Amino acid sequence: MSDHAVTPSQPLSGCRVVERSRTVAAAYAGRLLAAMGADVLMLEPVGGSPLRRAAPLLEEGGESALFAYLSVGKRSLVCDPALPEGLKALEHALNRADILIDDTALHDRAAMGLTPETVGRCYPKLVHVSVLPFGAMGPKAEWDGEEINLLHAGGEGYLLPNGLSDELFPDRSPLKIYGHFAGYQGGSVAALAALTAWWAVPVAGAQYVDVSVQDAVLSVGAFALQRLGDGSLEHRKTRRFRYGGVFEAQDGFIELLTLEDRQWSSLVELLGNPEWAANPALRDPLERSCRGDDINRHIRAWMARHPVEDIVRRAQELGVPAGKYRTPVEVYQGEHERARGLFAPAVLEDGTQVEVLVAPFKFCCSPLSGGSHVPALNEMAQEMRT
Amino acid sequence: MSQPNAPLAGVRIADFTIHAAGPYCTHLLSQLGAECIKIESRTRPDAFRKPHAVYGRMLAATFDQVSANKLSVRLNLKQPEAVALAKRVVGVSDLAAESFRPGVMNRLGLGFEALRESKPDIVLLSLSSCGQSGPDSHFAGYAPLFGAWGGLGAMTGYSDGPPVEMRHVMDHSAGLHAAVATMAALHQRRRTGQAQHVDLAAREVASAMIGDALVQASVGITPVRPGNGDLGMAPHGIYATAKPDRWLTLAVRNDAEWEVLLQQLGRACRDPRFTTVSGRLQHREDLDRLLGQWLANCDADAMAERLQQAGLCAHVSWNMEDIAADPHLLARKALVEVSSPDIPTRLAVGAPARFAKTDDVGIRRLTPALGQDEDYVFGELLGLNRAQRDDLEAREIIL
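Protein chains in written order, with our numbering: chain U, 1 to 386; chain X, 1 to 399.
There may be inaccurate statements among the hints.
With a Cα cut of at most 30 Å, we get these calculated DSBU-like pairs of lysine-lysine [unchecked claim]: (1) X:K333 with X:K357; (2) U:K88 with U:K125; (3) U:K237 with X:K87; (4) U:K125 with X:K243; (5) U:K125 with X:K357; (6) X:K357 with U:K88.
Listed below are several chain U residues computed to face chain X (Cβ distance under 8 Å; list not exhaustive) [what the hints assert, rightly or not]: (7) S165; (8) L318; (9) P321; (10) L342.
Keep in mind the hints are simulated off the structure, nothing from the lab. Note that the coordinates shown come from a computational prediction; the quantities given were computed from them, not determined experimentally. No residue lacks a Cβ here, since even glycine has one placed at the ideal position from N, Cα and C.
Let the sequences and hints guide you as you build the complete structure.
See the structure below:
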C-alpha cells in the first residue's frame with residue numbers, strides 16, 4: 001500500500017502526478033505536490049536519477065541529502081521510454097495520471113513520445129508541464145544551465161552580495177545564493193502552473209504549460225526591472241539599505257532593518273538612547289538615509305559589545321525588526337520550528353533515519369502528514385511483482 | 001466584468017495583503033486570471049504605495065510589479081461597518097488573503113472563523129514572517145530577516161565572509177509558495193467543499209531553500225557554506241572577463257564536459273590534478289586561478305554563446321539592462337511592454353508560465369488608483385446604491 005492511500009484528507013489527495021526529473025526544478029515541483037498529498041510517481045532512467053548522486057551527500061559515497069529532501073514521499077519506477085517496455089510503462093503511468101511534470105531535454109522528447117503534440121493527442125486529459133532551464137520556446141530554448149548560470153541569467157546573481165559582504169570584499173566576483181534557489185523558484189512555478197492548469201480542466205480541458213527557470217528567477221526579482229523602468233539600474237554595490245543590514249555581534253551575526261519611523265525610535269531605545277541619535281536632523285527619514293554610513297558605524301560599534309541573543313530578544317520586545325543569522329543546525333533544533341512541526345522523520349533506502357522539512361506552509365484544517373520514506377530505485381516494480 | 005481566457009477565470013480573491021510577499025502571491029494568481037479585489041484605506045494604504053526613504057530616494061518604486069491587474073476598494077477597517085462590508089466582499093469571493101501580523105485579522109473581526117460565517121467554504125491564506133503559531137509567531141520582519149531566521153542567509157556568502165542578506169526575491173519566493181499552497185487548498189475545496197486556512201511562514205520558505213542542509217543537520221553533520229563552489233562540479237564559478245564587471249558563470253559537470261571546455265578554450269591541460277572531477281574538486285582553488293587566467297581576456301558574451309553551442313552550461317552574469325534587451329525573454333513574454341495614458345511604455349515582468357490553451361495570462365491592466373473599482377465591487381457585487389455609498393463615505397466607513 002502506498003503512503004498516500006492512508007491520507008485521503010490531504011489537500012491533493014487523489015491527484016496523480018508523473019514526474020520525469022533530472023533537474024532540481026522538476027523534482028521540487030513534484031516534491032511540493034507530494035508534500036500536499038499528491039501521489040507522485042518518479043519515472044527514473046536505468047541507473048536512477050542523477051539527483052540520487054547529487055551533492056551534498058550524507059557520507060562519502062553515501063546517499064544524497066538533496067535527493068532525500070526532493071524525493072521523500074514519492075515512488076520510483078525505472079522507465080526508459082526509448083525502449084518498448086519503457087514506452088509501455090510510460091503509457092500505463094500517463095493513462096492514469098492527472099499531471100505530467102517533465103524536464104526531458106527538448107532534443108530527446110520526440111524519440112520518447114514526450115512532445116506536447118504527442119502527449120496532447122495520446123493523453124487528452126493530462127496536464128503536461130514542461131520545466132526547462134530556459135523554457136521550451138524561444139531562441140535560447142536549447143540552452144542548458146545549472147543553478148549558478150540560471151541565477152545569473154535571471155538577474156539576481158549580479159546583485160549579490162550587497163551590504164557588508166560587498167564592503168569587506170569589494171573586488172570579488174558576484175555570488176550565488178546557497179544551493180538551488182533558482183531551481184526551487186522554477187519548481188514552484190511549475191507546481192503552480194500544474195495546479196492552475198488542472199483547475200481549468202473542467203472548462204478548458206487539459207493543456208500544455210511551458211515553464212522556464214530563468215523566467216521564474218526574473219519573476220521573483222521583478223522589482224529590479226521595475227527600478228530599471230524608473231531609471232535606476234540596480235547594482236550590488238548600490239543596492240543596499242542605507243542603514244541597517246548585516247552586523248557582527250559578540251558571538252554571531254544579526255540582521256537589522258528599520259523601515260518605519262516608529263521602528264527607528266525603537267532602535268534608538270535599543271541602543272540606549274545614545275547622544276549621536278539625539279541629533280534632531282535624524283528625525284527626518286531621508287536625512288537618516290543620507291547619513292546611513294555614520295549610523296551604521298555607530299550600530300556596528302554597539303553590536304560588537306553585545307551578545308546576539310540579548311540583542312534580538314530586546315529588539316523584538318521593542319518592535320525593532322532584528323534576527324539572528326541562524327545556522328542549519330540551529331534551524332533544525334529551533335524551538336519555533338519544533339513547535340510548528342516543520343520536520344518529519346524519513347527513512348532512506350539503506351535504513352538510515354533522517355528528518356526532512358515537510359513543507360514551508362501548513363494547512364490548519366487538514367495538517368500535512370509529512371515524512372514517509374525516500375523511495376528506493378524502482379521500488380514500484382518490486383511492488384508490482386509482489 | 002468580462003472574464004479573460006485564463007486558467008483562473010472565475011476565481012475571486014478578497015485581498016488584504018500588504019508589502020511585497022502577500023501581494024506578490026495574489027499578483028501571480030491575478031496574472032493567471034483570478035479577479036483580485038485589493039482592500040485598503042486612505043488612512044492605511046499599502047506601505048508599498050508610500051515612498052521608501054531607506055532606499056535613498058523618496059519614491060514609491062516597487063508597487064506596480066505586485067499590484068497590476070488588481071481592483072481597488074477603500075474600507076476603513078477600524079469601523080465595524082467597514083468590517084461587515086469586508087466580510088460581504090469575502091462572501092462573494094473564493095479566497096481571502098492577508099499578510100498582517102498574526103492576531104490582527106482576529107482583532108479586526110476578520111479571522112478564519114469569522115470569515116467562515118460569511119463564506120462557509122472560504123480558503124484563507126495567512127502569510128506572515130514566522131507563521132500563525134509557535135513561540136516566535138509575533139516576530140516582525142522583512143525579507144532579509146526571513147533569510148536570517150530560516151538559515152538561507154548564513155549558508156549564502158563567501159566562505160570566509162559574513163552571511164548575506166536576502167532581498168525581494170525572498171519575499172516573492174514566499175509569495176510564490178503561498179500561491180502554490182493556495183491552489184492546492186482550492187482543489188481540496190472543489191473536491192470536499194471544505195474551508196481551509198493556509199498558514200505560510202516566510203522564514204520557513206527560506207528554510208525550504210536549504211532543505212538539503214537541514215537533512216544533513218538532522219544526522220549530525222554541520223553543513224558548510226560553499227560560496228560559489230559546488231561540491232560535485234569543478235570548474236564551477238563566476239569568472240572575470242575582458243570587460244570590467246562582465247562576469248562569466250560556468251558549471252562543468254563531468255570529465256567529458258571538461259574535455260570539451262579545454263577544446264573550446266584551445267587549451268591543453270596536462271596537470272594530472274585536473275584530469276578527474278575528484279581531482280579538480282580537491283584542487284578547486286588552483287583550478288579556479290587557472291580558469292581565471294584563461295578567461296581574463298575573453299569576451300564574456302561571445303564565450304557564453306560559444307560554450308553553449310558546445311553543450312556547456314555558461315551564461316553571463318546579467319544586469320537588468322541585459323535582461324531588458326533579451327530577445328528570448330521577450331519572445332516568451334516573460335517580459336512585456338506596459339503603458340497607460342500617464343505612463344510611457346516600459347517593461348514589466350509577465351506571466352510566470354506559458355499556457356497553450358488559456359493563454360490570456362499576464363498583466364491586463366496597471367496598478368489601480370486607490371478606490372477606483374468601487375462602482376463594480378460595492379455597486380455591482382454588493383448591490384449598494386449611490387446614496388448608500390455616499391452615506392458610507394460621509395461617515396468614513398469607505399475612506
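The hints, checked one at a time:
{"no.": "1", "hint": "X:K333 with X:K357", "verdict": "15 Å, holds"}
{"no.": "2", "hint": "U:K88 with U:K125", "verdict": "18 Å, holds"}
{"no.": "3", "hint": "U:K237 with X:K87", "verdict": "46 Å, violated"}
{"no.": "4", "hint": "U:K125 with X:K243", "verdict": "51 Å, violated"}
{"no.": "5", "hint": "U:K125 with X:K357", "verdict": "13 Å, holds"}
{"no.": "6", "hint": "X:K357 with U:K88", "verdict": "28 Å, holds"}
{"no.": "7", "hint": "S165", "verdict": "5 Å, holds"}
{"no.": "8", "hint": "L318", "verdict": "11 Å, violated"}
{"no.": "9", "hint": "P321", "verdict": "5 Å, holds"}
{"no.": "10", "hint": "L342", "verdict": "6 Å, holds"}
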